[in-house]
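Join the two chains into one complex using the hints; note that each chain is given alone, in its own frame.
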Amino acid sequence: MAAPRLFRPASRLLSSRLTTLPLRPAFAQSALRARGYATEGGVKEVTVRDALNEALAEELESNEKTFILGEEVAQYNGAYKVTRGLLDRFGPKRVIDTPITEAGFTGLAVGAALAGLHPICEFMTWNFAMQSIDQIINSGAKTHYMSGGIQPCNITFRGPNGFAAGVAAQHSQDYSAWYGSIPGLKVVSPWSSEDAKGLLKAAIRDPNPVVVLENELMYGQAFPMSEAAQKSDFVLPIGKAKIERPGKDLTIVSLSRCVGQSLNAAAELKQKYGVEAEVINLRSIKPLDVETIIASLKKTGRLMAVESGYPMFGVASEILALSMEYGFDYLTAPAVRVTGAEVPTPYALGLENMSFPQEDTIVSQAAKLLRV
Amino acid sequence: MSSRALLLRSWRATRSSPRAVTPLLTGSARRWGSSISQRPGSDRVLFPGAVNSKFTTEMSFLKGSDLPAIPTYRVIDSDGELVDKSRGPPDVSDEEVLTWYKNMLTVSIMDVVMFEAQRQGRLSFYMVSAGEEGIAVGSAAALTPDDVVFAQYREAAVFQQRGFTLKNFMGQLFANCNDTGKGRNMPVHYGQNYPRMHTISSPLATQIPQAAGAAYALKMQDLQDPNRERRIVACYFGEGAASEGDFHAALNIAATRSCPVVFICRNNGFAISTPTLEQYRGDGIASRGVGYGIDTIRVDGNDVFAVNEAMKEARRRALSDGGRPVLIEAMSYRVSHHSTSDDSFAYRARVEVEDWKRRDNPIIRLRKWLENKGLWNEDLEQETRDSMRKAVLKEFSEAEREKKPPLREAFTDVYEELTEEAKAQMKELKRILETYPDEYDLRPYKDGAKGLD
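Chains as they are written, first to last, in the working numbering: chain A, 9 to 380; chain B, 1180 to 1632.
Chain B extracted, bound-state conformation (with noise of 0.2 Å):
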């Protein structure tokens, strides 16, 4: 800590002249010209720590308990009825709320078929979003191509409605040449140039505070582009890695930067086994982002316009004043085990989970919505289901037989040129394929010999 004073204490000297501070870099300009004095007889504190607060001669200590828990916000209820008549249906087309459904369906379709490819041994890994779709799609349908996504791994969804495509779902799964990635990331650990959607890390939490930091570099690259659209980064995580460090280390400071970010927690009651009664105490996930002074609404993740809308709102509210960051927390239930290796009846009961599946999910709720409208019935679901499974398969099994990236790739990426080592060693490996060309069968790659060129 000593350290670090003297850090800042170096660090305050060298900027004595205010102007070495660009007006650009600093949320409020003028800093030094905020200076706060406590003034004799008011009323309440002007330290400047906590600037507006009354004095009081009652001791009384705050509890959450004992305030009313942040409301939910939705628009339909589990039956697909508007709550609130009074109020005009959704400010969304038929076509595109059917884009959402089929976009639902197919990554449900996909989980399910790839689970089972999983246990049968064909990938290493893999992780479903049952029950958390309607959260991926209705915010991704709010932002624009130009929108940055930091997500997690259960937010297959959010790629498949940003344009990412069964073959490119497959080709990272199966790691072969249609992989972006190149076949070195973990199964689901998706990511795409554009739109963008920065490859998922593991490690948990870690892609917020780099959010924060995207949404920086995107505010200052757009403040010097005054012409060019307003974009904002949506970064999604579970209620799990909100208690990481990271989490609140990125809430802080995206709210003192002021970074134009939407945080989506996906709170689905389980981070593996631990249930949220385990993970934190207090009002959810929200209740945090009121305290770091970040506007925060809560929604049901179960319904897909109620995201969709709160998406819209954030992100409009993310682009104003300069920027700010927003926090949704969507409520869900996660139907799904954690990952292909977890068994989740081992700590919460089948019947449970069986009741969510059945009495609400975001895909049955929009469905019964859909219904209700006329826009679907029980022969298009069967024959949407069917095409769609087709499909899945289709591109399962050609994933599987394709090639694989080609041979240079082993090389290459782990610095931005090739080290003379990695240099050395195609070229060896080049001589050998060359002298030895019966001794291995390059079929199997992309390029065959030629793809160490």
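Next comes chain A alone, as it looks inside the complex (with noise of 0.2 Å):
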């Protein structure tokens, strides 16, 4: 994890320059392995909503300690149609309704898993979890290591978190930074179906409590799925970055719906400054992956990090911090955050497209950091 000074990846990844021990070496592996971006031949186009479905069902199917609950989950196949087919597929003791007692059925989710099973628990969003945070925090995250570990939490949290489109500050929060700062919980965000899919299995195997925290803007896009990731046995590691776009110039570290705008921002830079810059899709926010960013970091001597939380104390601070500590010599110029605005998100389109990094707030950053 992250936190701990002694335990970093980084750490390690420096006094890797001294002694001859292999980096992790088996999880490196693993990880390259998983991660196969195999072939041409067999890659369909499929949406992140059909991805997360998919990852649901094999687990499902697969493990029957698992089972999903929620509002609105079963009988009407998911607010968002996440859950579309599970029902009439697993039957009502797998896939179960609830009231609308967010405190009420995580609190159930949790006690079920502290029992030993592994619950999926959807919140219609991120934003109606704050009714449960307590649940979600003060036992899902806390209950293994208060028990002095005979009580393991093999639960998943899932919903769509972050903005959508005008539905103003009660509905458009990011809680990337605030799972993320609490020990005893993973948190992972994907960006694209193979993230998706990947990272959702992830979660549910794991044994740990893990934050999926998906996007509402992402569910219908659709996008290239490999060979490999189309089977039930593909899964992405926890903790490991992906670089979406390799580059020399600069590197920017994103997550979530941010991914893909930066990746956009980065053809733009090209096609306009003839500069090429590395986006570093981050994947997992705890564990974080400070390993490929400080690389990436080393080699580029530039860093932007975005995101769409809030800019005081979020996940883009926290990877300046640790460019900072890691990294500091290697910078040429102070590395950047481009976030969310300080306001309660408005409802107006004009002015919440104003407070959310758009892709040329992104490109006239990446500009100005760079003096072109």
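You may find that some hints are simply not true.
[Said to hold, decoys possible] Which bits of chain A does chain B cover? Going by a derived footprint, with three or more residues having C-beta under 8 Å, they are: (1) 109-121; (2) 128-139; (3) 186-197; (4) 236-246; (5) 311-318.
Simulated from the structure, these hints should not be mistaken for lab results.
Note that this is a predicted model, so its numbers are computed, not measured.
Where a beta carbon is used, it is the ideal one built from N, C-alpha and C, also for glycine.
Written as structure tokens, this is what we have:
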């Protein structure tokens, strides 16, 4: 995990120059294998929604300890149709509609996990999980530790996170930093369909409580999915970032929907200024893949973090702090953050657009940073 | 828990002197005077938690389903006829009833137009209240303008009844300069300063404990100023929201603190797709009220007179004995989809909905009453509907073209006072706008460039 200084992967990276010890060899190799972006043949366009659905179906199929519960997940196929068809396939004992009691059904799910099942708890949006955040953090995340390791809590919390279109302050919050700050939780945030499937499956299989922060605006978006990723044994490692676009002039670290924006911005930077930006898709917020970020930063010398959370105490703030701690000597310019604005999300379209990073925000900030 | 116990202990230690508690703040003065002890040979238990419970040797578990269901109060039937002919007609003037009818009709016409407008992509979201206008209008009509309302999101007719105009509705829906919320809130999250209706909050049930708190504040203010009209809080929510912990917390705190609040539960049968059968067990929401020691009534929500009479009596009770909460459970059927994000025919039969729509809803029932009394007819109906529709469409198109709020509102109200950063940003924006006037079209914003001053 990223928190305690001694265990930071980056510190091992630095020390690895002095020792001959290989760097987490098993993990790195399996990670590479699992990530396999296989052949062109057999690639299929899949929406993020369907990828999530597939992940859920496969895990429900292969592990009878799993079940999914939440508001509207069964009869209605989910408020955003992520659980479509699961009730018909797995029946009402595995796919369970709940009353509107977030504290109640989250508590029930945590209790079931403490008793040995592997619940998947859906929130209609993460905004509503605030009603039950005590169950997630004070019980879900901490009981394993507090019980001296005798009570496992193999639970997956999932649902859409961040802002959507025109749903204003109480429905538009990004919780990456909130959950990312809690010891005991793992937090992932998929962008593409492969991310969605691989990370959700990893979350369900992981013996710890895992928070899966999806994005409503991405559900309908289709991505190519490799043959390997279409198989039911496809899992992505939690804690490993992915370089979506290699580059040598600037490192852009991003997560969730902002990855797509960063990629478009990188293309524009190339076209306008001929600079090559490297775009890193974090995939996992906790643990954070510090090695990948620092290795990239060493190569490019410039760092920008892009996220849709609030500016202060956010994921981007953490990345900048880490870059200072582990990559200070390699930075040729101060690292920058591009984040959401310091305001409760407004409804009006013009204001909403100004509240979050847009592609031109990323391009103009990058140009400033690169002095082009 | 243990830390809470510690806190409690230290709190108790600090209030060693009973004088520290002003009698004004406690429901029953001299709490320490009511000490209880079990008398030897008594036939009933006198523990602090149950002070008048008889001992019994018969072991029996109470089963709610063995008890008769709580009855539903109604004044007129679905044909618009008085059910109990022996009582007099409802104590409301014809003129007022016609206003109620028109308010219900206005909201239902606006709902159809705006639902369609959302489907065309002209606003992001909308919620209709078809089938529940009677609860809103009947209850709001029993309030005084000084009473305070906490609503959920299906109470447009409460706003209509309390003077919200079509211009207000449309201003909010299109986030223009007539929006008191300054374009910041989701559509249908209306709010008004006077008569006071707190801005709608999206997360379910948060308004219920807040209503208890607001009622407590009103009670305190009214105690300090004995000459002013007594006020209550009316709090609306659906039966789905009553599953949230906030509902239960609210009823308990309102009962123990004797808050003058009337809780109005619209039990419309569905929480999005979840039918009441999966939402709760037991005899509806009304049975919860009884459990919390709150005066409770169940009414026919399609009967605007029943709702109105129940609300008047509830208001009277809420203000008696220094204040207490009351619960009204108003039964109805949600004829509409939950919101524009929902297609309810995925989980209920179209024919069932059509049945309710045709057979019994608050508007049709009141229309029958009016026609029976000779106050209404088909011609008037057509004429009124036409003119209302025209008025709605007129305000709609005006609202779409209306100017947006002034530029400064993009910065204000995050805090009471503008932060230094926001001030600096406004100054910078002003400089840019003045330096490059041709680059920015400020005509759509109220007061143009001056809107930053």
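Legend entry - Enumerated hints in conflict with the structure, sorted upward: 3, 4, 5
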